[in-house]
Every structure is written in structure tokens, then in C-alpha cells.
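*Asks:* This is what each chain is made of:
There are 2 protein chains.
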Amino acid sequence: MMRGLMQDRPLMISDILSHAVAAHGDQEIVSRLVDEPIWRYDYAACAARVAQAAHMLEALGIGPGDRVTSLAWNTHRHFELLYAAPGIGAVLHTANPRLSEDQILYTINHAGSSILFFERNFLPLIEKFRTRLPAVRRFVMLSDAERLDPGEVDAESYEVLIAGYSTKYNWPAFDENSGAVLCYTSGTTGDPKGVLYSHRSIVLHGMAGGLSGALALSAFDCVMPCASLYHCTAWGLPYAVAINGCKLVLPCDKMDGPSLHELIVNESVTFSGGVPTIWTMYLAFLEQTGQSTAMLNRVVIGGSAVPHAMAETFKRKHGVSVRQIWGMTETSPIGVLSTPTPQLAAMGEDQLDEVLWTRQGRLQFGIQLKIVDDEGVELPRDGESAGRLLVRGPWVIDSYFKSDAPGADADGWFDTGDIATLDRLGFMRITDRAKDVIKSGGEWISSIDIENAAVACPGVRVAGVIGVYDPKWEERPLLVVEPHPGATVTPEGVRTFLSERITRWWLPETILVAEVPLTATGKVDKKRLRDTYARSPMQVGA
Amino acid sequence: MMRGLMQDRPLMISDILSHAVAAHGDQEIVSRLVDEPIWRYDYAACAARVAQAAHMLEALGIGPGDRVTSLAWNTHRHFELLYAAPGIGAVLHTANPRLSEDQILYTINHAGSSILFFERNFLPLIEKFRTRLPAVRRFVMLSDAERLDPGEVDAESYEVLIAGYSTKYNWPAFDENSGAVLCYTSGTTGDPKGVLYSHRSIVLHGMAGGLSGALALSAFDCVMPCASLYHCTAWGLPYAVAINGCKLVLPCDKMDGPSLHELIVNESVTFSGGVPTIWTMYLAFLEQTGQSTAMLNRVVIGGSAVPHAMAETFKRKHGVSVRQIWGMTETSPIGVLSTPTPQLAAMGEDQLDEVLWTRQGRLQFGIQLKIVDDEGVELPRDGESAGRLLVRGPWVIDSYFKSDAPGADADGWFDTGDIATLDRLGFMRITDRAKDVIKSGGEWISSIDIENAAVACPGVRVAGVIGVYDPKWEERPLLVVEPHPGATVTPEGVRTFLSERITRWWLPETILVAEVPLTATGKVDKKRLRDTYARSPMQVGA
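Residue numbers (numbering that gives the first Met the number 0), protein chains in the order written: chain A, 0 to 541; chain B, 0 to 541.
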């Protein structure tokens, strides 16, 4: 090769904020807080406080490579830490308060953090933990001075700690592959695994996220992330908004309808996103109060599939476009996003909506996807062939933090654990989790497709499908449906309903009406379903 | 530092095209050609031919680090070479046919290219050159088989050469800092200097170019680059369109009104860009024929300042937004782009247009600008202080190809040779070329500002300002105005006109009515003006 002669200046997170100040320093950031009034400043004032926070971290003995933990909501102070810690070469571990207490403890200790920043309402939890956090030297409450409650951990006030430091910081440039933010997966089995994002991965992910085929952000947008900053940095929005000059609204942990609506209306929010549950609550609030969505024009939904009725209501009643996002902690998280293309639009609006609402999304520049069979052979992108979904790219994990757990393979492909199809138009659809897939007579049956068909059956509240042993076909699907309270549902009724809607040979021989166990995040708990039904074949025939 | 654990997969140009195929393989590319019918295919078919071209290059003995030269217009074959050569690790030198013949020869020999790809209409020039291109082994005409004219150089047909090769190529991943495309500056003094773009710089530049604050590209755009592919890859558009899934229309060298209009209407072009001259011709065509601009909604203008009347006509008469772009070969070229912000929009439409049409543009993510005084001290971003404009970033030059000419300084700052202001809203305005700036009594006078004011004077066709020696003030401005044919212009009339429009102490003591020499690209030739007027002080008092 011949070396190019352009600057190989590293991609630095600090340059994102410096750009925001120089290009749109007046743009606002608004933050709801725990028991404090709504906070309001602009990128220039934010950058001044980020500089102070950087000086504060150094004064507390934090240097390059050191880890600090945040246990925090979507607030401006959390946003500041997402720049201050990486800015000095340290790593911010964004602890996930939705994990079990033992898991939260595990991640803080595994990260090796020496300072714990936390919101006021986590004080009781921190007090309970304190003796089990040997490496933590300082406890800092994300609070002003007057409302500080030191508790049993001698917590200090973030505001007191940063006050007095210079509002300038001469941000260093260093290796762009240095770690910046550490997030743990919330897998249901085993210990959480750490994913250590680098400056390079965060900057590239932030640039790609703003493109029109992805989140389509502009300086005219007001962005309110309802995905949590501790969940893969809320889809990278803290960085993408600064790159694109968007106004930013941070809703703290107040995801109820009235609280979100207040911000959407008062701050003229144009863009928001989060898990379906939030939007179910919000639409219910709008329905009850007869309110409208003001300037809101798009909602990106991730975490679970978008319910069709939700997308329909947003569109028809409020003129709001619903888009899906799919990704994982291991993919930073942007994998695919369901945004329109002229080819799709040419098929007519119904077809367009059908694709946008039922596919997880379309390919994004910078991340590569392929599907392979059990032997690792790539399958065609025909929208029909389903295989293990592998991903690769500069914001995809290479290996887990301090772990021997396998990351990407030698060619950089990371196995998502999902089974999916890809089509000619660049759209990806997940048909199953690999561990849930049912192999029957050598062919795959999608448990998700059967469940989706079953919940459309009148009276059915939730449906779960697992594979059970079958001497002839190896595996066959078993379906458990739980009715809405008061509704009457029979196995025969469900069978008749399904027989018109799914491939004949997918039809489960066994359909049971019973309670369907759910996980803490509201998904069907397949492990418990298997424990109950798959291991006692005699009962299955019931 | 602690190393992050994401993949450090290199940014490769070949991944741009692979993405285009997977995500929007059906999107069209349309190309006008020299004496061939209009060509039409899609990204998938294009990628197949790029693979064939890569095999062809290898078969001709081209390997990593080797250089090949194109002397070509905006055509699909040129587009293919912009992917094929870098894809195999070679370097494409895009020779600039607008340079003098000696300079074209110089750049091909300086690049050390062993293959020369050229459009049919360059055959006479190539025949003339042939004995002075010792390193060139093969001459390839960008032509189909039937229209091939081998001439005296035994030219081969591109189509014949690529035919028969596999339409698949297993693109290698290698160091992203490897050279990919080589462009020479067209400076008026000395030999042209080579700028060697890397895979990294091109990919990052292409990603940034698509963002809403820059070119704002989407899959619903049809992009027709009228800037030349040989001029810093037409603003990176060949890469940005593939990243964003735009339809691409290539106008060859046919920049006349009727030819452009045909493509704009027939292909539903939404976005175009180029130097002001092209748009002057196009607007005149529209005026003469009473035609409208169809789907065209934005025109980006670079190379010279946008004439106010042009921006006004595009906007009021055709609903087309005019945007300025400023950059240099050394900046890939995106430096700044004039796109709206909510802060500007809030000032009202007149104020918004005034800023968008008179500033060179606003800061873009990825590239940093600062202005400094003669001692290198940074000046405030107040819209008033003018200083030397320095730029830095991953698509800014580090050093010139095979040259000792200075590139960037130790901190990565490249001196653009321009004098500019920066303002609080992130906009940059060039007030002068550093070599044209007039220093009077220790203060700077902008020759450009005086010229712009003078050409607004009735009867004035073109105006040129230079600094001349003054025993008291060190330098004072001297203004030469050339009237429109038949118009009567007097020095007194110009002086009265100017006195109400520029700072009093800027008013030139000497105003001459005479012919103003222009360069080959239509700019005022300050060197000749100085030769004529600045070196004969006695004459100046005339």
C-alpha cells in the first residue's frame, strides 16, 4: 500500500462537544431532575460545566483508563459525565438500575470503578450496598448543595464538587481506540457482560446515526430520548444530537404520559424514542385527555416489535411516523432502522407501512449484516431464507470486558443469537431467537411468527411457543395462550384461527390455555415455559 | 488509556459500494457519455462492473500502491474507476483537463501512473503527449468496442478490457490510511501539488457530507454533480450518494443549459451543484425558454461567491434553495456549507438569506476552523475580527505528495491562505486571500469587500483591488474598475457610490477605469494587476 497523506487525527468524543459549541452554542438542553426544578442551558454553558466536571474528576484522582460509575437517569448531569469522563481518557460505566441488585453490584465491582455518581433516589440502595463496594472511594450524589442528603455513605454534591473549577479544559487527543463508555448486557442467564465502547466507535456511530436513512437528525429537531442513557447511551443520542445541533430534552425517569406530554408540548419536541410500553402509556394519556402531539413528528421504537395498532394510531390520529430500531448492547446499539426508501414508497402507502412496521429495519452504512446456515454458509437475501444473523462493523463488539466469553469471530462477525431474514430492498426481519428456534423435520419454525399470529386471536392476551421433543420430527411447536381476564379461549378456537394464518405444517399439535410466565422486562419467559412443559412430555399430551 | 473493545475494522471505500448494493441495489445511476447514448444501470449492476474493472486492473499488472490516471468527465466509467482502483489498494489520479497541457503532463508523470484512462475527446491531446509519458504502459479509452479509435497510442477499449471478468471481487480490508485518490491543486504559481486522499479520509468525508447540516442527502434525492469528478471527487459526491442511497445522474462534460435541463427534467434531479458560471447559463436558458426546474430543490455552489441575483432568482422564481460550499483540494473539499439553523431562521427570512448567501458557510462536524493573527494567536469568533484561516481534521491534508512543500503544522492546523471571520452562530466569511490582503496603518482592509461594493455600482462590470505602497500607511488600496461595454463610469462616480457603502478609511485614494485582467478560471488576476499598477508608483497617481 501507499500511505495516504491526510491527517490521521483521532476521532475524539471531546471534539463532538467542541463542535456543538462552535457551530450551535446557543442551542438548548433542557432536563427534568429528581426533586429539583427543570434545568435549562445551552451547549456552550454545558461544555463549560463538562470542563469543570473533567477538572473535578482529575482532582478526585481519576486519570486515563480509570473507571467511574453512574447510576443515573436521563438528566443533564448524566449527559455531562458522558463527555467529561471520556474527555480525560477515563471510562464511564453507566450502571443499569433495572438489573437485579446483585447484578448492579456485580457490574460496579467488575468495572473496578472508584467513584459512584448516583441520583438522589438511589440513596437507600447505595446505603445498602456500601460495604460490598470495596473499590469505591467516593460517593457523589447528582444533586445541588441545598438538597444534598449525605446518608450513610457521606455522599458529596456534584454541584459543590464541580463549582470553582475552570470552565475551560484543554481536551487531549489520544488513541481513538481507547475505551470511553462501559455498558453491561442484561442477559437473563449468567453474569452481565461488559461492552467497552471506544472513542472511535462512539464517534462513527454518532455520525451514522444522524444520517437520513437512520435517525435523520437536523438542527431543527428537538430530541427527547426516552431510551435510557444507561442502555447503550440511549442509542448514541447524546452524541448524535451534538453532532447535528439538535435541541435536547432529557425526561429524567418520568416516563408517564402527563410528564412526557408536558415536555413534548412546552419544548416543541419533534423526535422521541423508547420501548413500546412508554408509548402505550402515552397514547392512552392522549386518548383520555383528547390532547394532540404538538410538534412531534417521529417516534423511534426499540426493544420489542412495534404493535401494529400503536403505529397505526400514531400515524392516522397524530400524523407521527413510527420507526423501528433494532440493535444490541454489543452493536452500540444501531443495527438496523426502519426508514422509507423510494423503492418501497413506490409500492404504495399500505405496503410501505407494512414493511416499516413489521421489519426490524433496513441496513445502515457502517454496519454489515449477513445470515448464515448451521454450517456458516451465507444464505440468500430473498426475504424468505432465515438464518443466524451475524453483524460486523466499527461499532460492533470485538470482545467482552475482562471476559473469556466469545466476541466476534476472526473475520469480525459477531453472532447476534437471532434468526433473521434479509431482503433485496435491504430490510431485516427477526424470525426468532436462535435458542428459541424450533427445528422440525430439518426445517425451521419461527416461534415469534406463531406467537404474533396467536395474540391476534380474539380473547388472547399473551402467547408463548416452545419446541418440544417429537420422535418423528425431532421437534414440534407447543403453544400456550393466556386469555384476557374474563375472556373465554379454547384450544380448538385458537387452532381454527391459526390454521388460516400460518403455514399448515407449523400448526402446533398441542395448544394449552394457561398462564404464560413473563420476564422482568415483559417478554415471554421461554426458560420457565420449557421448565414447565418441555421436560414432562407426558403432560404435553394433555 | 484502557483500550476499547470494539472492532477496529478499517474504513474502506469498497464497503461503501457493498453497502449501496445491499441496502439499495435497485437505485439508478444514469450517465451521459461522449458520443454514446445515455447509460443507465443500478448500484448492483455498477458494483458488478467495478468488480470487473478491479480484475482488469490486476490483469494489467496494477497492485497495491500503484497509480493509474483518469482524464475523464463525469461519467459512469469514471465513477467505476473511483471505486475499482482504491478497492484493490491502488491509487486513482484524477487528472484535471482544465490545467495547462504542461501541467497535465507534469501531474501524470509526478503521480508515476502506468495506465492512462481517457475520454474519447482527449485522444488528440494524448497523441500529442505520448512521447513525454515515459511511465505510461497502457492507454485505455473510456469507450465501447465499436466506437474505439486506437489513434497513435494503440488505445484499448475499457469495455473490451473489463468484459469477461468475474462480476464478483473479494474486496480486501487493509490499513484505512492507505492512499486512494490523488488530486492536484490548480495553483496559479509553481507546479501543481498532489493531495493524496486516504480510504479513511474519503469515508469520513462521505459520511459527514450526507448529514443534514451539510448536503442533507437522502435516498429520495436524485443527485447530479456538475462539479467535476477530477476536482476533489466532485465534493465527495460519488461516495456520499452511495452511502445515502441517492439516485445519481452524471452529466459528462455537457454543462450547457439545454443538456442540464434535459437531465433535470427527465431524471427528476432534486440536488445539483457546481461553479456559478454553470448556473448563470442554466438560469439564462430557463429565462429564454420559460421552462421550470421540475423537481430540483437545492443547488450547492462552490468555487466562487454566489452572486446575489442568482440566489434570488433561484429562490423567488423557481423555489430552489441555493447553498454555498467552501473548501479546497487540501480539505477534500468540504470545509463549510451554508445551511440554515433555527437560530438564523428565527431572525426572519431576509436575515437568513443574507447570511446564507454572503457567508461561505457554517462549521461542519469533523473539521475544525480557527482564525489567528500574524503571531498565531487565536482571534475571537465575533463576526468582526478577521485573521488567517486555519483548518484541521481527518480529511485535511497532512503533507503533499512527494513534496517538501509545507502541509499542516505540528498540531495539525493547515493554513488555507485565506483571511476570514468566524461568528457566534458558526458561520465563516472569507474577507480576502492572505496574499491579497491590504495592511494599512496596522489594520487589515478587505480587497474582496471593496470589489463586491464596486461591482454593485451601475455600469461596473468587474472590479479589482490591490494594495500599493504608501509612505505613511504602509499600504493603501488601489481600485481598477472595468465598465460594461458602452457604459460610462467615472472615478468620481465610483468614489461617491463607495463612500456610502464601505468604511470611510477603506476608500481607495486611487480609482482607475481600465481593463481588469482575469485568470483562466474567471477570477481577477491580482498578479497582473500588481505587475501593471503596484510596481510603478509614479503611474499610480495618474
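In case anyone wonders, no lab produced these hints; they're calculated from the structure.
Check the hints yourself; a few may be wrong.
Which copy is meant is left open, because identical chains are indistinguishable; a pair holds if it fits in one copy or across any two.
Computed list of lysine-lysine pairs in DSBU-like fashion (alpha-carbon distance at most 35 Å, straight line) [as the list claims (entries may be wrong)]:
1. K525 <-> K401
2. K167 <-> K316
3. K167 <-> K525
4. K525 <-> K314
5. K314 <-> K471
6. K522 <-> K369
7. K253 <-> K526
8. K434 <-> K316
9. K167 <-> K438
10. K471 <-> K167
11. K167 <-> K369
12. K316 <-> K401
13. K167 <-> K314
14. K438 <-> K526
15. K316 <-> K471
*Asks:* Are the hints correct? Go through all of them and say.
*Replies:* Now for the hints, and whether the structure bears them out:
1. K525 <-> K401: So K525 and K401 pass the 35 Å test inside one copy only (29 Å; across, 64 Å).
2. K167 <-> K316: The answer is neither: 48 Å in one copy and 48 Å across copies each exceed 35 Å.
3. K167 <-> K525: Classified as neither; 53 Å inside a copy, 42 Å across copies.
4. K525 <-> K314: within (33 Å within a copy, 60 Å between copies)
5. K314 <-> K471: This pair counts as neither: shortest intra-copy Cα distance 47 Å, inter-copy 72 Å.
6. K522 <-> K369: within (26 Å within a copy, 52 Å between copies)
7. K253 <-> K526: within (32 Å within a copy, 66 Å between copies)
8. K434 <-> K316: Result: close neither inside a copy nor across copies, 39 Å intra and 61 Å inter.
9. K167 <-> K438: between (60 Å within a copy, 33 Å between copies)
10. K471 <-> K167: neither (72 Å within a copy, 42 Å between copies)
11. K167 <-> K369: between (46 Å within a copy, 17 Å between copies)
12. K316 <-> K401: Neither, since 49 Å and 64 Å both go past 35 Å.
13. K167 <-> K314: Cα proximity of K167 and K314: none, with 46 Å in one copy and 42 Å across.
14. K438 <-> K526: within (17 Å within a copy, 79 Å between copies)
15. K316 <-> K471: So K316 and K471 fail the 35 Å test inside a copy (50 Å) and across (74 Å) alike.
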